[in-house]
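Trainee: Residue strings, one per chain:
There are 10 protein chains.
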Amino acid sequence: MLFKVEMTVNPPKDMSPEQFDSIKLVEKEYSEELQRQGIWCHIWRVVGQYANVSIFDVTDNSHLHEILMKLPLYPYMDVVVTPLCAHPSSIK
Amino acid sequence: MLFKVEMTVNPPKDMSPEQFDSIKLVEKEYSEELQRQGIWCHIWRVVGQYANVSIFDVTDNSHLHEILMKLPLYPYMDVVVTPLCAHPSSIK
Amino acid sequence: MLFKVEMTVNPPKDMSPEQFDSIKLVEKEYSEELQRQGIWCHIWRVVGQYANVSIFDVTDNSHLHEILMKLPLYPYMDVVVTPLCAHPSSIK
Amino acid sequence: MLFKVEMTVNPPKDMSPEQFDSIKLVEKEYSEELQRQGIWCHIWRVVGQYANVSIFDVTDNSHLHEILMKLPLYPYMDVVVTPLCAHPSSIK
Amino acid sequence: MLFKVEMTVNPPKDMSPEQFDSIKLVEKEYSEELQRQGIWCHIWRVVGQYANVSIFDVTDNSHLHEILMKLPLYPYMDVVVTPLCAHPSSIK
Amino acid sequence: MLFKVEMTVNPPKDMSPEQFDSIKLVEKEYSEELQRQGIWCHIWRVVGQYANVSIFDVTDNSHLHEILMKLPLYPYMDVVVTPLCAHPSSIK
Amino acid sequence: MLFKVEMTVNPPKDMSPEQFDSIKLVEKEYSEELQRQGIWCHIWRVVGQYANVSIFDVTDNSHLHEILMKLPLYPYMDVVVTPLCAHPSSIK
Amino acid sequence: MLFKVEMTVNPPKDMSPEQFDSIKLVEKEYSEELQRQGIWCHIWRVVGQYANVSIFDVTDNSHLHEILMKLPLYPYMDVVVTPLCAHPSSIK
Amino acid sequence: MLFKVEMTVNPPKDMSPEQFDSIKLVEKEYSEELQRQGIWCHIWRVVGQYANVSIFDVTDNSHLHEILMKLPLYPYMDVVVTPLCAHPSSIK
Amino acid sequence: MLFKVEMTVNPPKDMSPEQFDSIKLVEKEYSEELQRQGIWCHIWRVVGQYANVSIFDVTDNSHLHEILMKLPLYPYMDVVVTPLCAHPSSIK
Numbered sequence: 164m165l166f167k168v169e170m171t172v173n174p175p176k177d178m179s180p181e182q183f184d185s186i187k188l189v190e191k192e193y194s195e196e197l198q199r200q201g202i203w204c205h206i207w208r209v210v211g212q213y214a215n216v217s218i219f220d221v222t223d224n225s226h227l228h229e230i231l232m233k234l235p236l237y238p239y240m241d242v243v244v245t246p247l248c249a250h251p252s253s254i255k
Numbered sequence: 164m165l166f167k168v169e170m171t172v173n174p175p176k177d178m179s180p181e182q183f184d185s186i187k188l189v190e191k192e193y194s195e196e197l198q199r200q201g202i203w204c205h206i207w208r209v210v211g212q213y214a215n216v217s218i219f220d221v222t223d224n225s226h227l228h229e230i231l232m233k234l235p236l237y238p239y240m241d242v243v244v245t246p247l248c249a250h251p252s253s254i255k
Numbered sequence: 164m165l166f167k168v169e170m171t172v173n174p175p176k177d178m179s180p181e182q183f184d185s186i187k188l189v190e191k192e193y194s195e196e197l198q199r200q201g202i203w204c205h206i207w208r209v210v211g212q213y214a215n216v217s218i219f220d221v222t223d224n225s226h227l228h229e230i231l232m233k234l235p236l237y238p239y240m241d242v243v244v245t246p247l248c249a250h251p252s253s254i255k
Numbered sequence: 164m165l166f167k168v169e170m171t172v173n174p175p176k177d178m179s180p181e182q183f184d185s186i187k188l189v190e191k192e193y194s195e196e197l198q199r200q201g202i203w204c205h206i207w208r209v210v211g212q213y214a215n216v217s218i219f220d221v222t223d224n225s226h227l228h229e230i231l232m233k234l235p236l237y238p239y240m241d242v243v244v245t246p247l248c249a250h251p252s253s254i255k
Numbered sequence: 164m165l166f167k168v169e170m171t172v173n174p175p176k177d178m179s180p181e182q183f184d185s186i187k188l189v190e191k192e193y194s195e196e197l198q199r200q201g202i203w204c205h206i207w208r209v210v211g212q213y214a215n216v217s218i219f220d221v222t223d224n225s226h227l228h229e230i231l232m233k234l235p236l237y238p239y240m241d242v243v244v245t246p247l248c249a250h251p252s253s254i255k
Numbered sequence: 164m165l166f167k168v169e170m171t172v173n174p175p176k177d178m179s180p181e182q183f184d185s186i187k188l189v190e191k192e193y194s195e196e197l198q199r200q201g202i203w204c205h206i207w208r209v210v211g212q213y214a215n216v217s218i219f220d221v222t223d224n225s226h227l228h229e230i231l232m233k234l235p236l237y238p239y240m241d242v243v244v245t246p247l248c249a250h251p252s253s254i255k
Numbered sequence: 164m165l166f167k168v169e170m171t172v173n174p175p176k177d178m179s180p181e182q183f184d185s186i187k188l189v190e191k192e193y194s195e196e197l198q199r200q201g202i203w204c205h206i207w208r209v210v211g212q213y214a215n216v217s218i219f220d221v222t223d224n225s226h227l228h229e230i231l232m233k234l235p236l237y238p239y240m241d242v243v244v245t246p247l248c249a250h251p252s253s254i255k
Numbered sequence: 164m165l166f167k168v169e170m171t172v173n174p175p176k177d178m179s180p181e182q183f184d185s186i187k188l189v190e191k192e193y194s195e196e197l198q199r200q201g202i203w204c205h206i207w208r209v210v211g212q213y214a215n216v217s218i219f220d221v222t223d224n225s226h227l228h229e230i231l232m233k234l235p236l237y238p239y240m241d242v243v244v245t246p247l248c249a250h251p252s253s254i255k
Numbered sequence: 164m165l166f167k168v169e170m171t172v173n174p175p176k177d178m179s180p181e182q183f184d185s186i187k188l189v190e191k192e193y194s195e196e197l198q199r200q201g202i203w204c205h206i207w208r209v210v211g212q213y214a215n216v217s218i219f220d221v222t223d224n225s226h227l228h229e230i231l232m233k234l235p236l237y238p239y240m241d242v243v244v245t246p247l248c249a250h251p252s253s254i255k
Numbered sequence: 164m165l166f167k168v169e170m171t172v173n174p175p176k177d178m179s180p181e182q183f184d185s186i187k188l189v190e191k192e193y194s195e196e197l198q199r200q201g202i203w204c205h206i207w208r209v210v211g212q213y214a215n216v217s218i219f220d221v222t223d224n225s226h227l228h229e230i231l232m233k234l235p236l237y238p239y240m241d242v243v244v245t246p247l248c249a250h251p252s253s254i255k
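Residue numbers (our numbering), protein chains in the order written: chain A, 164 to 255; chain B, 164 to 255; chain C, 164 to 255; chain D, 164 to 255; chain E, 164 to 255; chain F, 164 to 255; chain G, 164 to 255; chain H, 164 to 255; chain I, 164 to 255; chain J, 164 to 255.
In case anyone wonders, no lab produced these hints; they're calculated from the structure.
Cross-link-like lysine-lysine pairs, in silico, BS3-like; alpha carbons within 25 Å at most: (1) Lys-167(J) <-> Lys-167(I); (2) Lys-176(I) <-> Lys-187(B); (3) Lys-255(F) <-> Lys-255(E); (4) Lys-176(F) <-> Lys-176(H); (5) Lys-176(C) <-> Lys-187(C); (6) Lys-187(G) <-> Lys-176(E); (7) Lys-255(C) <-> Lys-167(D); (8) Lys-233(I) <-> Lys-176(I).
Taking the hints into account, I'd like the entire structure generated from these sequences.
Mentor: Next comes the structure, spelled out in structure tokens:
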């Protein structure tokens, strides 16, 4: 079951760059693991923004919620979730 | 070069369903042809909306503009274009 | 799997009240049948608005999409879909 | 008398996680007590958000106001209140 | 139980002034009757707008909904409902 | 001359509850005095919000401005002012 | 007593240019008469818009409302009213 | 060449009232000097807001920009600039 | 004196394509003439939109207003005007 | 390939003017170098705002993203990116 998730990161003003970089590193590993499992299907960077457009393939709503809540950068993110389904014109 | 394009269709009130269906049929063929060419990479339906989320892989801005302007449903669409690029966490 | 769906009806200006009433009657029957099946769990009227707040329990995103697209009043509705999941404070 | 209440929590930046967790614990108990009394009828989590959708059954406007003002997390919440009533298509 | 209701009228473009005036006359009588009953407590005109700010004192949410749905001008109105309660600084 | 004034209070994060309570006490006395003078005609609490809807009867625009600027909570308020006049359907 | 009034004109699609020009002529005369009386103090055109920024000096709210309601173009206008008063830095 | 400029002041939370008052005094003198030169033609206070509506008569865009950037309160202001020109109905 | 002007065209639903094409032809000639005069410095198409971003170099506000009002497509356009001036980092 | 980029700077409240000036100096040099290379084609200041309107000519989306991310002021900016292409009425 597919969802588009758009994440915009607002880096905290009062955290050292080193501390923030270490969170980003954990985030990267977490994302890569979910990509390898086929759950986080796509992640693209939005040009000129500290933001991404992602596609998730999850078992249900709770599955997606759990994944998003565990994002190391979640406390610094605005997240917009859009449920998707097959389009009749898609050839896939 | 990747772009997210979100299209929302506003069916015209004063057109017969048959006429509108025939435009949708041409739209479907146009979309499928671009998908086969690897230009229209993804098209998903937004749940509960007459709208889609699409990913295009084009040579440049003009290429995308030409493709969108030729959409048979373009006169009845709201279109939002977002330029994308590779995300450092993507494993692809 | 639960979703909140908010529907606002914009009655068409150029349809006779009789014709619109007959669509509303089919809508009512369609809604009642889905309620009896336990799919359309709740429907409340928003005070002072031609709008409702509904809760659906569906098998997946596609299931919800199909149900909404078949709403007889769909062409005259604005629809907002919000995916829900269990709240840790819920006693149910 | 029914109301939909949507609550979004903005965790304070300058509070320790322990202190915030202890407020959330009191909030949970407060919510569970009102659920047991049949006043806080439903509470669902919004997927990907630190937010809930709730339905309250109260005696009047003042009753709802008092309940909301006593929410331990109220100072950190955006709250949207929508008065509801019976829908003619509801089978309940 | 008090509610603020703000009503903005959008006169229909395709109705004759005479027909619209006759609806406004019925609206005026309906409003005056509810004012005499102490239900429609206040009605003020917003300066420069075809709009009013009103205060209703009703028995419950359903009572308010019924009253608003019967407004002869309702099909031409945008309506915003805000539940009110006693303010601790009020001397009334 | 009547105005609707809507005030939303944003309590300062960095003030002690005692200090804020003492400002609210002065605010309450200020409001009560203006109510006794017939200038602050109505004040209602918005359900679930730290906000009020008020009606003022003042001699002119400057009079209203002076009153609002002297509100002890003014530095912590969002204020929206709407000029009102008699409604032709009012029976008062 | 001063008010800023901003008026944006939406010319009706279904009126002949001649008919609309004749309404604009009556509007011009009405505006000029109020300017001569010192009531409509200023009227400026917004660059690139079918819109004006105006300053009115009226006796009270009702006076302004009456003037605006009698504008021949009122049915085709969006109107925004802002009450003004003397600024402490003004040398007038 | 005329411009409407609307300025809203957001007093800094972390500055002493004395320090802010001294900036406001310089602002007042700066404004009065420009008024005497006929450049800052009008300044009105918006009722209930820490905001003004001003009209400037400048030689060109750069002239206006320079003037606004030198406002002592500029770092604490939201500024909206609207280019104006003569209105055909103006009798001036 | 420079201005950015953004124009979005809303093609009229009830005009024949031929009639609209003939207006667009006059628009094109009008634009080209102003470009040759160095007044309409730049015009770019917004990708995927029936809209342009333009830069004008005019003598003053009135000059710009006159030019925009004479655009053959003006009645079908939304127009946003932004005054510009030299940037301190520009090397031109 | 052209893009319009609009940048609005929000100077950090807690940085010394000297420190911020030194960042602005590096920003100026970075911008001038890209202008000399023909990549940052235009930069104009928005009148009355700490903001610019810029036109970039880049090889692709990633090129633009890299350039923007390296802006020394990027952490203090709101950035809006709009892809452009040739306009059929342009004489260039």
